[in-house]
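Asks: Spelled out, the chains give:
2 protein chains.
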Amino acid sequence: MAQVYNFSAGPAMLDPGVMRQIQAELLDYQNTGMSIMEMSHRSALFEALVQDAKANLRVLMNIPEHYEILFLQGGASLQFSMIPMNLMLDHRRAAYLNSGVWSQKAVDEAKRHGEVIIVGDSADQKYKCLPICDALPSAIDYAYYVSNNTIYGTQFKTIPMDHPVLIADMSSDILSKPIDVSKHALIFAGAQKNLGIAGVTLVIIRKDLIREDLSVDTMLRYATHQKADSLYNTPASFSLYVLKKVTDWLLEVGMDAMTKRNELKANMLYTAIDQSELFMNEIKKEDRSWMNVVFTTKDPQLDEAFISFAKSYACVNIKGYRSVGGMRASLYNAMPIEGVQRLIEAMEAFERQVKP
Amino acid sequence: MAQVYNFSAGPAMLDPGVMRQIQAELLDYQNTGMSIMEMSHRSALFEALVQDAKANLRVLMNIPEHYEILFLQGGASLQFSMIPMNLMLDHRRAAYLNSGVWSQKAVDEAKRHGEVIIVGDSADQKYKCLPICDALPSAIDYAYYVSNNTIYGTQFKTIPMDHPVLIADMSSDILSKPIDVSKHALIFAGAQKNLGIAGVTLVIIRKDLIREDLSVDTMLRYATHQKADSLYNTPASFSLYVLKKVTDWLLEVGMDAMTKRNELKANMLYTAIDQSELFMNEIKKEDRSWMNVVFTTKDPQLDEAFISFAKSYACVNIKGYRSVGGMRASLYNAMPIEGVQRLIEAMEAFERQVKP
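Sequence order for the protein chains is A and B.
Here the first sequence is numbered in the numbering used here, starting from 1 and rising by one per residue.
Here the second sequence is numbered in the numbering used here, starting from 1 and rising by one per residue.
Since the hints were made in silico from the structure, they are not lab data.
Any given hint might turn out to be false.
Treat identical chains as interchangeable: a pair holds within one or across any two.
[Claimed, not checked] Pairs of lysine-lysine residues, derived as BS3-like cross-links and limited to a Cα-Cα distance of at most 30 Å, are as follows: (1) K355 - K177; (2) K355 - K260; (3) K207 - K311; (4) K285 - K227; (5) K54 - K319; (6) K319 - K111; (7) K177 - K284; (8) K128 - K207; (9) K54 - K111.
Bear in mind that the values here come from a model prediction, so they are computed numbers and not experimental data.
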């Protein structure tokens, strides 16, 4: 099997060691004679797996005890609704920082449930920089931001707002570097970038915010899932199992080492882009994402040619998001340094070819 | 690896051939150098997989063209809400046939959205028989039933009600025998029994019922998922892949052969129970389920002893549902005839031991 570096924005690359482990035990999980895929979510072994996954996250992210860890279904997109349904209750209004498509989608759902105040927006700059947060209005239920913008390649290096009920969509940079959970009230993330595979959505929520006295449907209340320890109904059990394996691996590597590696990978690629006379990145330097590096030749045909050329260097899925064009290299935790090196080699070779 | 017969009610046994195929291609899907787990849901290969899964289901269930096939997240439990949200619109009332825990849960959610009329209920019989449906009231938006009751071991052998908008929860007997889709307006099922693994919920819905003019949140509207061909957001992609594999296998076996095998397995086990002087099944004979066979010795300690004894015959996960007690053997499609034979041998040996 040929080595391939998969720069997909998600579902994304997994660590090869994790993959081999999953394959090795796929037919027989812990000498039960059955696959984890076939195992009841009510079995002692599966319940232990869920507890272990939570314990791993508590260590990796330094999650205080007064925060609940929930594993939900529906993807991060369902959180765009569950958040206002469960938290936009007292003032019926909330502040949103708009940094791109994903925050805009969250705004659209929140508007169904109350008033949305946009406290910063970089739409006029085509999201090529991050918005600056205005002073927050009073009498809001929460303040909301997206920590990393996969499509535009921007990422907040520091927490951009301060509020007692601060919510962050960290789908695309969770576990890539240390974050201060205690500064947040709710953090959520789809699993398919840094946590494993699609099917499970992580929600970390301060326990005092979980309310039972809601008229919200059962499956859409955080209280339901808290009470049932994330097993109210059958979860996407295999996805949860992969999350457990990925967090085991992260514990082995260590968050310090992972953070350094992510910084190194991003710096390598941005340096190569900045030194190139062909490729460029138009994102404001301080706002550049470590996770998703967008770049372009400014010539759509040449971009197309490079995307194809890069395949001969085993670098695949570097096409940019449809509304942005150009290239995008996603450098999540499982992307090895060699993958970035290979991509840089491809860029250099391509540049020599078109600008001899 | 020792052969084990897993009688779990779900997540449940998968066909060993399907399992081996999944394992074999886990690290390299169709010579891409990457796993299906790592593949973008926007890739051509994954989109083809979704189309193939739909095509398989259309053949297996003979689904007419004016029905949409949707793959959703959240489990069947989220359908308890999505159904009234999307369909309890004109009269704001619906008829429910109550045959156990799962229909009751659906009733509880529907009540949040309108008036629920119970048109038959076997709660007084502790759900040991199926309810008879009363004449349906006029001016209802839909009529709802559960085709098979996993907990109590009952199953409708014929469609129990007749309505232009008939809805069925077929989570635990879908694809186990032919059903007339055209008599229904909406059929739904979690995947973790007969369709594959948890994480994907199949919804088959008559296209004229999918309305866009709703004030319902985006992720909770059928129209959203229809428009996006079940790829509005990242699906539980690995679960969808397994569903594709399982339906490939069902096409190979053929629905006729599968139906006969399921009937045979159920008959074998019910005959053994009826002939036993120790074990009994208290379900009304015409209402007995082919999928979940509940039985008991009437002595909780003896039941406990048998559950343990059966393990020495490689028969596992036969403990009954907590509110019912006793034993439950789930005989979904992937349970081989040999598994049922083995369980019967265990029952006979145990009976000889306790009633020599």
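Asks: Is it within a copy, between copies, both, or neither that the alpha carbon of K355 lies no farther than 30 Å from that of K260?
Replies: Classified as neither; 34 Å inside a copy, 69 Å across copies.
Asks: Checking an output row: K128 and K207, CA cutoff 30 Å. Within, between, both or neither?
Replies: Neither: 36 Å inside a copy, 41 Å across copies.
Asks: Tell me, please, which holds for K54 and K319 at an alpha-carbon limit of 30 Å: within, between, both or neither?
Replies: between (35 Å within a copy, 28 Å between copies)
Asks: One pair to classify: K54 and K111, alpha carbons no more than 30 Å apart. Within, between, both, or neither?
Replies: Answer is neither; intra-copy 32 Å and inter-copy 34 Å both fail.
Asks: Between K285 and K227, at a C-alpha cutoff of 30 Å, which is it: within one copy, between copies, both, or neither?
Replies: neither (44 Å within a copy, 38 Å between copies)
Asks: Measure nothing new, just compare the shortest in-copy and cross-copy C-alpha distances for K207 and K311 to 30 Å and report within, between, both or neither.
Replies: So K207 and K311 fail the 30 Å test inside a copy (47 Å) and across (41 Å) alike.
Asks: Classify it for me, K355 with K177: is the Cα-Cα distance of at most 30 Å met within a copy, between copies, both or neither?
Replies: neither (37 Å within a copy, 65 Å between copies)
Asks: State whether the alpha carbon distance between K319 and K111 is at most 30 Å within one copy, between copies, both, or neither.
Replies: Classified as neither: same-chain Cα gap 32 Å, cross-chain 47 Å, threshold 30 Å.
Asks: Go through the copies and call it for K177 and K284: within, between, both or neither, with a Cα cutoff of 30 Å.
Replies: Within one copy only: 21 Å inside a chain, 60 Å across chains, cut-off 30 Å.
In this structure, the earlier hints numbered 1, 2, 3, 4, 6, 8, 9 are contradicted, and the remaining ones agree with it.
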